[in-house]
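Spelled out from the first residue to the last, the chains are:
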Amino acid sequence: MSVLVASPGHDLSLCIPDLKPRRKEAVLAEMVMAAHQAGVVTDPVLLVELLKLRERLGSTGVGRGVAVPHARSATVLVPRLVVGRSRRGIDWGAEDDAPASLILLVLIPSDWSDEATHGLIARATSAARLQRTRQKLLDASSLEALATLLREALA
Amino acid sequence: MNEGPVSKAVAGPPVPLSSMASAVLLADLDVLIREAQDPVSRARLRKLGFPLEGLSRIVAARDRLAESMDRRWTLAYERARHRYGRAVVAVRDRVCSGCFVTLPSVARPRGAEEALHVCESCGRILYWT
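As you go down the protein sequences, you meet chains D and C in turn. Going by the working numbering, 566 is the number at position 44 of the first sequence; the sequence numbering is gapless. Going by the working numbering, 42 is the number at position 33 of the second sequence; the sequence numbering is gapless.
Just so you know, not all the hints are guaranteed correct.
Cβ-to-Cβ under 7 Å is the rule here; a few derived chain C residues that face chain D [unchecked claim]:
(1) D37
(2) L61
(3) A99
(4) A124
(5) T138
Simulated crosslink set (SDA-like; lysine to any residue; CA at most 25 Å straight-line) [said to hold, decoys possible]:
(6) C:K56 with D:L652
(7) C:K56 with D:S664
(8) C:K56 with D:A644
(9) C:K56 with D:S535
(10) C:K56 with D:P621
(11) C:K56 with D:L624
(12) C:K56 with D:A638
Just so you know, these hints were derived from the structure itself, not from any lab. Given the structure is predicted, the values throughout are model-derived calculations rather than measurements. Quick reminder that beta carbons are idealized off the backbone N, C-alpha and C, glycines included.
Let the hints inform the model, and build the full structure from the sequences given.
Okay, structure coming up:
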């Protein structure tokens, strides 16, 4: 799947090792802006609004400190995963109430099928499901180390 | 979660979006709603850990957004949606990504954010990226 060549492990600008915002919507905005600057997104304001509306459908916090916000939109030019870490953790409304420390933003072009879309979201979700992998991603001390771990986790 | 410019717009106050942006958001919301209503997709997403209990909120937001749009746009939108499902498609390298016809104009039309451009071949609304 194209995510293999489009993962943050291959584009360091899509790894944000230390997210500064404390609120969910500000985190989404920072991550979308990184994607916009990398040429992945045409209209960041519109995409952030779609992501915020998606959160109203149901939280994308999957528990254990992980959130996988996602959007399929005409504003997305190519499929990409944007990865962010928050040292403090962000209230993402997950069922287990754990603040999200690892945020995997999945961006999908509008012409992708449901099956392909869900496949990519599933890959992102499963990449952080194992406690050992999740901890390694959180502990990686450099951007390069984080990128390498992501490549391995998504392989 | 705080409301952003569009979230506020769909809740009632004046819409700070261009007509094109509203149409793109409407199309994206329609995909999201269809996905959340489809039993197979719904089951997949729930299995991945995503609750979808807010469907009625999204449908209401979608309807308010549609009502806020210019009637000419909504007519073109609904016509294309009824026929194809997805009414707004991206233009990539002069190609309509809905029907894959090469469009006659080389450049993005002036005022593309406000003017309604539909594909002469399929009738979908064109979003110049």
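The hints, checked one at a time:
| no. | hint | result |
| --- | --- | --- |
| 1 | D37 | holds (5 Å) |
| 2 | L61 | holds (5 Å) |
| 3 | A99 | holds (5 Å) |
| 4 | A124 | violated (17 Å) |
| 5 | T138 | holds (5 Å) |
| 6 | C:K56 with D:L652 | holds (16 Å) |
| 7 | C:K56 with D:S664 | violated (33 Å) |
| 8 | C:K56 with D:A644 | holds (10 Å) |
| 9 | C:K56 with D:S535 | violated (31 Å) |
| 10 | C:K56 with D:P621 | holds (21 Å) |
| 11 | C:K56 with D:L624 | holds (20 Å) |
| 12 | C:K56 with D:A638 | holds (16 Å) |
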